[in-house]
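Listed below are the residues making up each chain.
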Amino acid sequence: MRPLLERARDNLRGREVVAVMSGKGGVGKSTVAALLAVGRGNTALVDLDIFGMSTPRLFGVVGRLHEVEKEGIRPFEVGGVKLFSLGGVVGDRYVVLPGANEGGVVEAILAFADLRGVDRVVVDMPPGMGEALLALERVARFKPVLVSTPSAMSVKVVSHLAEYLVERGAKPAALVLNMAYVECGGGRVYPFGRGDDARRLAERLGAALVELPIDPELESYVGRIGEYRGPAYRELLKAGL
Amino acid sequence: MHEWSLALSVVQTVDRWAREHNAEVKRVVLSVPVVSQLDLSILREAFDMLKMDSRLEKATLDVKVRSPRYRCRACGYVFGHEEVSSQIEALVGKYGEEYPLHLVPELLPAFVKCPRCGSHDIEADLAIQVEEIETI
Numbered sequence: 001m002r003p004l005l006e007r008a009r010d011n012l013r014g015r016e017v018v019a020v021m022s023g024k025g026g027v028g029k030s031t032v033a034a035l036l037a038v039g040r041g042n043t044a045l046v047d048l049d050i051f052g053m054s055t056p057r058l059f060g061v062v063g064r065l066h067e068v069e070k071e072g073i074r075p076f077e078v079g080g081v082k083l084f085s086l087g088g089v090v091g092d093r094y095v096v097l098p099g100a101n102e103g104g105v106v107e108a109i110l111a112f113a114d115l116r117g118v119d120r121v122v123v124d125m126p127p128g129m130g131e132a133l134l135a136l137e138r139v140a141r142f143k144p145v146l147v148s149t150p151s152a153m154s155v156k157v158v159s160h161l162a163e164y165l166v167e168r169g170a171k172p173a174a175l176v177l178n179m180a181y182v183e184c185g186g187g188r189v190y191p192f193g194r195g196d197d198a199r200r201l202a203e204r205l206g207a208a209l210v211e212l213p214i215d216p217e218l219e220s221y222v223g224r225i226g227e228y229r230g231p232a233y234r235e236l237l238k239a240g241l
Numbered sequence: 001m002h003e004w005s006l007a008l009s010v011v012q013t014v015d016r017w018a019r020e021h022n023a024e025v026k027r028v029v030l031s032v033p034v035v036s037q038l039d040l041s042i043l044r045e046a047f048d049m050l051k052m053d054s055r056l057e058k059a060t061l062d063v064k065v066r067s068p069r070y071r072c073r074a075c076g077y078v079f080g081h082e083e084v085s086s087q088i089e090a091l092v093g094k095y096g097e098e099y100p101l102h103l104v105p106e107l108l109p110a111f112v113k114c115p116r117c118g119s120h121d122i123e124a125d126l127a128i129q130v131e132e133i134e135t136i
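Residue numbers (the numbering used here), protein chains in the order written: chain F, 1 to 241; chain X, 1 to 136.
Isolated chain F, as found in the complex:
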């Protein structure tokens, strides 16, 4: 019997779990996950991208360690978000792990995260379809939000993930098309294509397509993402995710 697996299940039971995922890295999952968590009440953001750990950087808590109390790991409270990250356990250093260990780490974080007062848990998943995905499936039912860029290559990888999720009964709620366009001279420029593949994929899945612009201002919010209320944030808010 594995008490941490059971505890992780108990911890997430009755809470909405939104998993921000992509088959591919570099598409902006961490930013989308952060923006899905900021400005909403009673929300926790759990960074399960244990090899990337961009979330501490986005929120300006790199190197800080979580306090651990009787009730479990205390979140960093930044910009109204309760944030949990493996970065808060290992500090600012790399993590290399055999695949089999990854699931145990995911279970431990979800088991020990002190989620009192939290109704909604946004999970920032690592890229790919490996142990972290399987571990999340073991622990909770979740609402997938897929992230892709308009690149056909990225959409193809995401479509494989979508197929798998549908097969598992976890139909994606939305496909977020990140870096879809730039507002320029009163019009829109599509530097990575019009996103036709993504549109077709969203239609096939019956999922909402949410197009996020490239916002050059966003970079200046790295370290204080909780304050960002620019167009990418507003589009996600409008989509009701």
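Do not take every clue at face value.
[Unchecked claim] Calculated cross-link-like contacts (lysine to any residue; reagent style SDA-like; alpha-carbon spacing at most 25 Å): (1) F:Lys70 / X:Thr60; (2) F:Lys70 / X:Glu131; (3) X:Lys26 / F:Arg2; (4) X:Lys94 / F:Phe51; (5) F:Lys70 / X:Lys113; (6) X:Lys113 / F:Leu65; (7) X:Lys94 / F:Arg93; (8) F:Lys171 / F:Glu131; (9) F:Lys70 / X:Cys75; (10) F:Lys70 / X:Met52; (11) F:Lys156 / X:Leu50; (12) F:Lys70 / X:Glu45; (13) X:Lys94 / F:Gly63; (14) X:Lys26 / X:Val63; (15) X:Lys94 / F:Gly91; (16) X:Lys94 / F:Gly52; (17) F:Lys70 / X:Gly96; (18) F:Lys70 / X:Leu50; (19) F:Lys70 / X:Trp4; (20) F:Lys70 / X:Glu98; (21) X:Lys94 / F:Val96; (22) F:Lys70 / X:Trp17; (23) X:Lys94 / F:Glu131; (24) F:Lys70 / X:Arg44; (25) F:Lys143 / F:Glu16; (26) X:Lys58 / X:Ile133.
[What the hints assert, rightly or not] Only some residues are given here: those of chain X computed to face chain F with a beta carbon under 7 Å: (27) His2; (28) Thr13; (29) Glu123.
Rather than coming from a laboratory, the hints here were simulated on the basis of the structure.
Beta carbons: idealized from backbone N, C-alpha and C, even for Gly.
Given chain F, work out where chain X should sit, using these hints.
Chain X in isolation, oriented as in the chain F frame:
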């Protein structure tokens, strides 16, 4: 303080099992890897407090601190805890109370290298497990 949250996990998990099986629990055997460096007196104290009003009210907690054999997947070297204990002590010194393997023992390969070839590709059974439940 991590011992309390671990004790709570154990009590809740075993209590649910006992309710499902309509049983009263007399003894729980918990197995933890040595790298977690748990304070067993705190763990037992927490267990004894948290077991009240559960199917574990009369239960004792036995903790087996196991010293796993480690195997390097890169060079095949099999070794014991004594060969990496200095690496772990250095880690405890660096992190203090917030020592990462205390909270998540499965992080061991991120911090410990094979003493022969230096690889982090190390496998061992590091899971915290309830090994045995004895009922009345």
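For each hint, the structure was consulted:
{"no.": "1", "hint": "F:Lys70 / X:Thr60", "verdict": "holds, 20 Å"}
{"no.": "2", "hint": "F:Lys70 / X:Glu131", "verdict": "holds, 24 Å"}
{"no.": "3", "hint": "X:Lys26 / F:Arg2", "verdict": "holds, 19 Å"}
{"no.": "4", "hint": "X:Lys94 / F:Phe51", "verdict": "holds, 21 Å"}
{"no.": "5", "hint": "F:Lys70 / X:Lys113", "verdict": "violated, 32 Å"}
{"no.": "6", "hint": "X:Lys113 / F:Leu65", "verdict": "holds, 23 Å"}
{"no.": "7", "hint": "X:Lys94 / F:Arg93", "verdict": "holds, 13 Å"}
{"no.": "8", "hint": "F:Lys171 / F:Glu131", "verdict": "holds, 19 Å"}
{"no.": "9", "hint": "F:Lys70 / X:Cys75", "verdict": "violated, 41 Å"}
{"no.": "10", "hint": "F:Lys70 / X:Met52", "verdict": "holds, 16 Å"}
{"no.": "11", "hint": "F:Lys156 / X:Leu50", "verdict": "violated, 50 Å"}
{"no.": "12", "hint": "F:Lys70 / X:Glu45", "verdict": "holds, 12 Å"}
{"no.": "13", "hint": "X:Lys94 / F:Gly63", "verdict": "holds, 13 Å"}
{"no.": "14", "hint": "X:Lys26 / X:Val63", "verdict": "holds, 14 Å"}
{"no.": "15", "hint": "X:Lys94 / F:Gly91", "verdict": "holds, 11 Å"}
{"no.": "16", "hint": "X:Lys94 / F:Gly52", "verdict": "holds, 22 Å"}
{"no.": "17", "hint": "F:Lys70 / X:Gly96", "verdict": "holds, 18 Å"}
{"no.": "18", "hint": "F:Lys70 / X:Leu50", "verdict": "holds, 11 Å"}
{"no.": "19", "hint": "F:Lys70 / X:Trp4", "verdict": "holds, 5 Å"}
{"no.": "20", "hint": "F:Lys70 / X:Glu98", "verdict": "holds, 14 Å"}
{"no.": "21", "hint": "X:Lys94 / F:Val96", "verdict": "holds, 19 Å"}
{"no.": "22", "hint": "F:Lys70 / X:Trp17", "verdict": "holds, 23 Å"}
{"no.": "23", "hint": "X:Lys94 / F:Glu131", "verdict": "violated, 29 Å"}
{"no.": "24", "hint": "F:Lys70 / X:Arg44", "verdict": "holds, 14 Å"}
{"no.": "25", "hint": "F:Lys143 / F:Glu16", "verdict": "holds, 8 Å"}
{"no.": "26", "hint": "X:Lys58 / X:Ile133", "verdict": "holds, 13 Å"}
{"no.": "27", "hint": "His2", "verdict": "holds, 5 Å"}
{"no.": "28", "hint": "Thr13", "verdict": "holds, 4 Å"}
{"no.": "29", "hint": "Glu123", "verdict": "holds, 6 Å"}
Going down the numbered hints, you'll see the structure goes against 5, 9, 11 and 23, while the others check out.
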